[in-house]
Every structure is written in C-alpha cells, then in structure tokens.
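**Student:** Those protein sequence lines, which keep their order, are chains A and B.
Counted from 1, the first sequence has number 84 at position 84 by the numbering used here; the numbering is strictly sequential.
Counted from 1, the second sequence has number 100 at position 100 by the numbering used here; the numbering is strictly sequential.
Treat the hints with caution; some may be incorrect.
[Claimed, not checked] 27 Å max Cα-Cα, derived DSSO-like pairs, lysine-lysine:
#1 A:K56 <-> B:K71
#2 B:K57 <-> B:K71
#3 B:K71 <-> B:K9
#4 B:K71 <-> A:K42
#5 A:K42 <-> A:K56
#6 B:K14 <-> A:K56
#7 B:K14 <-> B:K57
#8 B:K9 <-> A:K67
#9 B:K14 <-> B:K71
#10 A:K56 <-> A:K67
If you are wondering where the hints come from, they were derived from the structure by calculation, not from laboratory data.
Single-letter residue listing:
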Amino acid sequence: QKEVEQNSGPLSVPEGAIASLNCTYSDRVSQSFFWYRQYSGKSPELIMSIYSNGDKEDGRFTAQLNKASQYVSLLIRDSQPSDSATYLCAVNTGNQFYFGTGTSLTVIP
Amino acid sequence: NAGVTQTPKFQVLKTGQSMTLQCAQDMNHNSMYWYRQDPGMGLRLIYYSASEGTTDKGEVPNGYNVSRLNKREFSLRLESAAPSQTSVYFCASSEAVGLGYEQYFGPGTRLTVT
C-alpha cells in the first residue's frame, strides 16, 4: 500500500504571511511529486510538480523535495485570501498517482 | 483546447439503476483515470487506462466497469447503483513529463444514489 500523508489542518495564516504545507510518502521508488489546489466544489488543479531533490520556485510558490527523508513541502509566500483552498499532495509511481487527503488552508484578511 | 471534459455534471439515481459517466480529453494523452472523492478519504483510483485498448483496476473497482472507447474517451459505468457509490467522480488524463507524468482533472460529476 503506497501511502501519502498530510496534516489535514485546518491551517490558518494571516494575509501576507508564509504558509507551509507538508507531505510524507512511503514508496521510495516514487519519481515525481505534485501539489494540487482544490477549491470547494471544484476539481484539483495542478500548481507545482517537482522531480529532483531541492527547491523549485514558481512565482509565490516553492516546492521542496527530500527523497532521502521521503518528504515534500509547499511554501506559499505573501499568502492571499484567494489561496484559501485544500492542497493535495500527490506522488507518481509508474503511471499511477497516489494522493494525500489534503490540507485545508485559510488565509485571513 | 477544452482539456478534460465530463458529463453529466450532476446526477441523482435510485438504488439499482445504471448509468454511464462520460469523459473525453483533447490533449492527446495516452493515460486516463477515474477517481472518486469522498470526505476524509481523499482521491481514490477506481480504474485507469495506460493506453488505448487497455484498462486496469485501481484501489476501489468493485461495482464499476470502464471502457476506453478510443484515445480520447474513457467511460465509467455503474451497473447497479448503491448508496455507497454516492460521491464526486473525477476523470483525469496524464502525459509523460521528464521522469514521470503530470495529471490533469476534469470538472467532476456529483452523483447521489438514493
């Protein structure tokens, strides 16, 4: 059973702060790692993908991967109320994807 | 470029009724997937199709069947709906990127079985 674990939250941060979301996974063979954002009543939207150890930055988002620790994180800088959503961590092994249950983030104006 | 489309958006069924959920993608992706999402359970894979002509079971296949009609279309059928199948169903497709794949989702079908 391949497991992806996330803190379900809820996580609340004030507007302009940094939000930090964490995820661990169990399968050492996993090659690719993703963060999806899901607004209430909507489908998951891919916001970040990372394939190698280290940091990957895209605008206000930074994904961090540590394969030795089987850990992936997402930092959201200058958090905005529009970032309020559930964030899903996903891991790709072969052509299958495994999802965490998501972390609910609320950005307080 | 519509991405992944699903029909219907909403459906109410009575126990024992059957229905087919339709999914199509216009991104020329080889792999397609059906998930269900329930509160507190996350996304669970029902079936997937790695390529046209192939299908494989996922984590929760019981009560469902699939058809990969062609490269674009992947349908999910409930032969005899049960209240436990009340859920939100997402179709997705994926493309190879680097060492792995990136996956994109359709808008979902909200199904209620009474």
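**Student:** Next step is simple, just say for each hint if it's right about the structure.
**Tutor:** Evaluation of the provided hints:
no. : hint            : in the structure
1   : A:K56 <-> B:K71 : violated, 33 Å
2   : B:K57 <-> B:K71 : holds, 18 Å
3   : B:K71 <-> B:K9  : holds, 22 Å
4   : B:K71 <-> A:K42 : holds, 25 Å
5   : A:K42 <-> A:K56 : holds, 26 Å
6   : B:K14 <-> A:K56 : violated, 48 Å
7   : B:K14 <-> B:K57 : holds, 25 Å
8   : B:K9 <-> A:K67  : violated, 39 Å
9   : B:K14 <-> B:K71 : violated, 32 Å
10  : A:K56 <-> A:K67 : holds, 14 Å
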